[in-house]
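Engineer: For the protein sequence lines, the chains are F and P, in the order given. For the record, in the first sequence the residue sitting at position 231 is 231 according to my numbering, with numbers rising by one throughout. For the record, in the second sequence the residue sitting at position 201 is 201 according to my numbering, with numbers rising by one throughout.
Derived from the structure by calculation, the hints contain no laboratory data. Quantities reported herein were computed from a predicted structural model and do not represent experimental measurements. A couple of the hints might just be wrong.
[Said to hold, decoys possible] Label pairs and their calculated CB-CB ranges:
| no. | chain 1 | residue 1 | chain 2 | residue 2 | range |
| --- | --- | --- | --- | --- | --- |
| 1 | P | 21 | F | 257 | 57 to 67 Å |
| 2 | F | 158 | P | 41 | 57 to 67 Å |
| 3 | F | 57 | P | 311 | 43 to 53 Å |
| 4 | P | 23 | F | 120 | 37 to 47 Å |
| 5 | P | 311 | F | 167 | 46 to 56 Å |
| 6 | F | 133 | P | 289 | 49 to 59 Å |
| 7 | F | 163 | P | 312 | 34 to 44 Å |
| 8 | F | 188 | P | 147 | 20 to 30 Å |
[What the hints assert, rightly or not] Here are some, though not all, of the chain F residues that point toward chain P, as calculated from beta-carbon distances under 10 Å:
| no. | residue |
| --- | --- |
| 9 | 107 |
| 10 | 111 |
| 11 | 114 |
| 12 | 147 |
[What the hints assert, rightly or not] Here chain F is said to cover these stretches of chain P; the calculated rule only asks that three of the stretch's residues, wherever they fall, bring their Cβ under 8 Å from a Cβ of chain F:
| no. | segment |
| --- | --- |
| 13 | 25-36 |
| 14 | 239-246 |
C-beta: ideal position from N, C-alpha, C; glycine also.
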Amino acid sequence: MTSVLTNLFDGVAYGMLLFVLACGLAVTLGLMNFVNLAHGAFAMTGGYVCAVLVNQSGWPFFAALPLAFVSSAAIGAVLERLLYRHLYTRSHLDQVLFSVGLVFMSVASVDYIMGSSRVFIKLPAALEGQIDFFGVGIGRYRLMIIVICGLLTAVLQLILARTRFGSRLRAAVDDPRAASGLGINVPQVFAFTFAFGCGLAGLGGALSAEILGLDPYFPLKFMIYFLIVVTVGGSSSMTGPFLASLLLGIADVAGKYYVPKMGPFVIYTLMIVILLWRPNGLFGRQAAR
Amino acid sequence: MNAQAEVGRSAIREGRWHFGEIAFWILVLACAFAFPSRYLIMADIVRLALFALSLDLILGYAGIVSLGHAAFFGVGAYGAGLMALHGVVTEPVLALIAAGLVAAVLGFLTSFLVIRGADLTRLMVTLGIALLLEALAERFSDITGGTDGLQGIEMQPILGLFAFDMFGKVGLFYSLSVLFILFLLARRVVHSPFGLSLRAIKNNPLRAAAIGVPVNRRLIAIYTLAAFYAGIAGALFTQTTALASLDVFAFERSADLMLVLVIGGTGYLYGGLIGAVVFRMLQEIFSTITPQYWQFWIGLVLVVIVLIGRQRMHRWVLWAPNLIIRQIGGRKAVVAIPESDA
């Protein structure tokens, strides 16, 4: 019984992590309809920035996390202004080719700079070990992830639903022409959202080094997971991808624990079945553009 | 004259063999004889060309974007490998066709998944199928050899006459003949009324359906055919290299394939062949500059191609040849790549 609860807890932590990693993609892919397969590259950037700061410069872990966010967001903003914005109106094939090219470049350059072996981030002692909670073993690190990611999710939902920026974004996504007619600077809104999503991915990358493992092939290995979160979750709100990532996280952890032989088989089958059953995602509606 | 007869006449004119095409194949054959020390790399290019031809059938003619075409390549590769290993079908040509048919069956079954949904769903489903097969091949490692791959494949002589030699001469001419025969078939298919209806579907599925084209059935047919081609490419890979390992399903293989086709251009069949040559040459150059990190340059090429725009790039490439052709043959003889915006 307790192992079930521990697995459930790990699954939730994993799912939360996936959500932070993928929610930027939920906006670019789900709402702006841009197939960005290179999203994982931004996550990897954040992870490596954090690893270098903590391991080599001796920064405390919690001080390095914001910097992981900032650096990924900055790179995202620069790339968006320089490259991505030219491709919003292009065909999906062009977008796929472009972002696959970016993935290849990021994989090779990280391999060149950092080496191809897996990188670990030194964690503060307070985050190691487990807490015994009514007989259920709870990892401290995973608990922290749930807290951070849970807070982030709530804040994101509030920003989207309550702030002026959130309503501008929703307007820009629903109908870019009408929105720009109303005086909303649509390219600016998109650029900012894109950069913010990349930053979140970077933060997720830094947090996930411990759980998912960080090596140069990160963007390729987890690309499918991010895509699953977005396509299965649909794009009508933040709740869809959130529930989808929880589902994916729990299913993946449980699958690996109870049927280790089947490996990722369960996840892929589930994804294909869901996509056939509801092409717009479990919780989705038709994308606006 | 009514419109239908006019369409027919123009289709027949398009379907005729041009002088340039004949020259292309003569050049290919000349290359095969001219570089006896390069058989292995040339056989590799031929296999890649066949694989790209297969993707061109669905991407260039039917407009289906696939991120998991390696699935069929892998099935063909393992199919041929297992048949040779267990002595089910020992004659290579028969085994080739059998492996292609296995891939075609898989293509037929998965086509029902692919025709549902729009671009994005298709991307995900094709990618998912390839990953699923990779996971399966890893899971059933007692059959597939797992990460070690199939080992100890020994090929029988082709048609009982030509034994595979270690320099790859037989392998090259075998692959080349297979490519040529399948190319002829593909050429016939795309210039047939069936091929024309595919182009109509690609341009506008709704309109195609409105004029009475059975959209889904046509897509299923071409997807199955493309799977057959990819399966044969995979089987050729196993037969000429005596290898089949998990990386036949890898995502990189599907992604590289896209690049091949994009370099060559889609929708006129020769794109895959030209692209395969250019891609392998690029790969050679890059890996001599930076052995471990050639992927970086491949990625850069992709990004640059997309940013310049595929159409514009092809216009640039064709500018010089067209200038010359125009001097000799007059205005009409210009080489043009058909609209290829998938």
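Engineer: All hints, please: hold or fail.
Structural biologist: We went through each hint and held it up to the structure:
{"no.": "1", "hint": "P/21 x F/257: 57 to 67 Å", "in the structure": "58 Å, holds"}
{"no.": "2", "hint": "F/158 x P/41: 57 to 67 Å", "in the structure": "59 Å, holds"}
{"no.": "3", "hint": "F/57 x P/311: 43 to 53 Å", "in the structure": "48 Å, holds"}
{"no.": "4", "hint": "P/23 x F/120: 37 to 47 Å", "in the structure": "59 Å, violated"}
{"no.": "5", "hint": "P/311 x F/167: 46 to 56 Å", "in the structure": "38 Å, violated"}
{"no.": "6", "hint": "F/133 x P/289: 49 to 59 Å", "in the structure": "56 Å, holds"}
{"no.": "7", "hint": "F/163 x P/312: 34 to 44 Å", "in the structure": "41 Å, holds"}
{"no.": "8", "hint": "F/188 x P/147: 20 to 30 Å", "in the structure": "48 Å, violated"}
{"no.": "9", "hint": "107", "in the structure": "6 Å, holds"}
{"no.": "10", "hint": "111", "in the structure": "7 Å, holds"}
{"no.": "11", "hint": "114", "in the structure": "12 Å, violated"}
{"no.": "12", "hint": "147", "in the structure": "32 Å, violated"}
{"no.": "13", "hint": "25-36", "in the structure": "violated (count 0)"}
{"no.": "14", "hint": "239-246", "in the structure": "violated (count 0)"}
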